Amino acid sequence: MSSGVDEAAIGRVFRAESGRSVAALIRLFGQIDLAEDAVQDAFTQALRRWPATGLPPNPGGWITTTARRYAIDRLRRDGRGRELLAEIVTVDRQDEEVTSVPDDRLRLIFTCCHPALAPEAQVALTVRLLGGLGTADVAAAFLVAETTMAQRLVRAKRKIKLARIPYRVPAATELPARLHAVLTVLYLIYNAGADDLRAEAIRLAGVVAALLPDEPEATGLRALLVLTESRHRARTTADGALVLLRDQDRSRWDHALVAEGHDLVRACLRRDQPGPFQLQAAINAVHADAPTFAATDWRQILALYDQLLIVAPTPVVALNRAIAVGEVHGARPALDLVDELDLSEYHAFHATRADLLRRLGRHAEAAEEYGIAAALAPGPAERAYLTDQARSS
Amino acid sequence: MAQYLLSLHTAADGGTGTSAPSEPMTPERQRRMAAMEEEMKETGAWLFSGRLTDTDVATVVRPAAGGPFTTDGPFVESKEHLAGFYIVEADDLDGALGWATRTVEILGMPIEVRPFLATA
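Note that the protein sequences, when read in sequence, are chains A and B. Heads up: the first sequence at position 18 corresponds to 18 in the numbering used here, and the numbers run straight through without jumps. Heads up: the second sequence at position 120 corresponds to 120 in the numbering used here, and the numbers run straight through without jumps.
Calculated directly from the structure, the hints in this document are not laboratory data. Only a predicted model underlies this, so the values are computations on that prediction, with no experimental measurement involved. Backbone N, C-alpha and C define an ideal beta-carbon position, used for all residues, glycine too. Wrong hints could be hidden among the right ones.
Which chain B residues face chain A? A few, computed with CB under 10 Å, are given here [claimed, not checked]:
#1 Ala35
#2 Glu38
#3 Glu39
#4 Val57
#5 Val76
#6 Lys79
#7 Phe85
#8 Ala90
#9 Asp91
#10 Leu93
#11 Gly95
#12 Ala96
#13 Leu97
#14 Ala120
Away from chain A, derived, C-beta distances all over 10 Å, residues of chain B [unchecked claim]:
#15 Glu37
#16 Gly50
#17 Thr70
#18 Val113
The calculated DSBU-like cross-link candidates involving lysine-lysine, where the alpha carbons are at most 35 Å apart (straight line), are [what the hints assert, rightly or not]:
#19 A:Lys161 - B:Lys41
#20 A:Lys157 - B:Lys79
#21 A:Lys159 - B:Lys41
#22 B:Lys79 - A:Lys159
#23 A:Lys157 - B:Lys41
#24 B:Lys79 - A:Lys161
#25 B:Lys41 - B:Lys79
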């Protein structure tokens, strides 16, 4: 008999619900490994049952309740676990359907993104614990060996336990800085590029924004990711070649995502507490507004970059601002700004210089710069594009 | 509750290294450190603390085939060395990092925070 619930459907439930269940079980039992194993057990059980029975009315609640039972079974099997269990069960006995507190996932994401953990560990833990991705998937997405990723995760979880990294939303005084770290991790997860990770980063940005409604930067990140995602289809050709913003077929943009991004940016503007993610989202919203590249409101974009450079004075922001200067005031002043930057290891620095040199008619220098950019490019699509430009300059 | 070692590190040349205090121990810094230590004690965080002499006074005892032997000098010649430490009690890492952050703000030298597991 078939209920229409196949492995893929259960996989989708797992992605959407496992973070919530893991976070709830960490709250109940205080052990990350136990929580992960028990939630895994519950999904194994779901894979056996749901194809015959159909989805339960509240799949996430079923998973959490079942996982809690498995966790208790696991604890009963070892002596120290039995002591811990005595405390937990007295607290929690009546509560047959284990509810997850909305804050659980927020606590967990602050644990995963604690500054005492290395950045690559923060990213890996967040994807693994909140996104429910398997170690092999996480490793593949970040282009490291599965054993390396497994060690990274084990080491990070050991540090959380031994150093007692708290499972808590930070106090108000620390919140802005710690939230920025969380949002940066989500941004890195998005930029890892795999379909799963992009979707996961957008989803988690939405979770954080919903749980911290007074923090417009969280909404700003969600807006930035949604607007970036809206162009995803148009960013590569059918054979995988890179298409720059100026050359994209704008009818291939996802206009539902553009509309969602615009709504989020407007919500941020109403708050009037601009931060780096909100400003980047606003810049993307201006791009999304333009029916053609030529119709882009570059003055507005330059004004936003001026603000962004104040709150995030980094060379990369200065480089992007210089590109806007190039569109508003011409290639010459833009090149002067670019030449002041110390970004010689960054492919986009050379690609920007190359483009400006070409616009100034300095073709030989442009070709050389495109060559350097191609050599530094992080991926094959960008490398191919830049190599092509070097030849045609 | 958990215990943490907050170890303060300084540069051996006493000034030019990036980890050295940007200025010598001024009366103002001493006053702020004393006030912080007082607060550590009042809140029950303080367990033990101390300062170390310069490393040129250090002596090392090493294992060897013929039995342990003694030599002059610090354990490892390095630009940074342990200058002092606190052992504090805190609910979790954030509590210990809070004290470390305040000490860094006053002294301008880096601090390593590690869980301390008492053995006796």
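Hints not upheld, ascending by number:
1, 2, 3, 4, 5, 6, 7, 14 and 18
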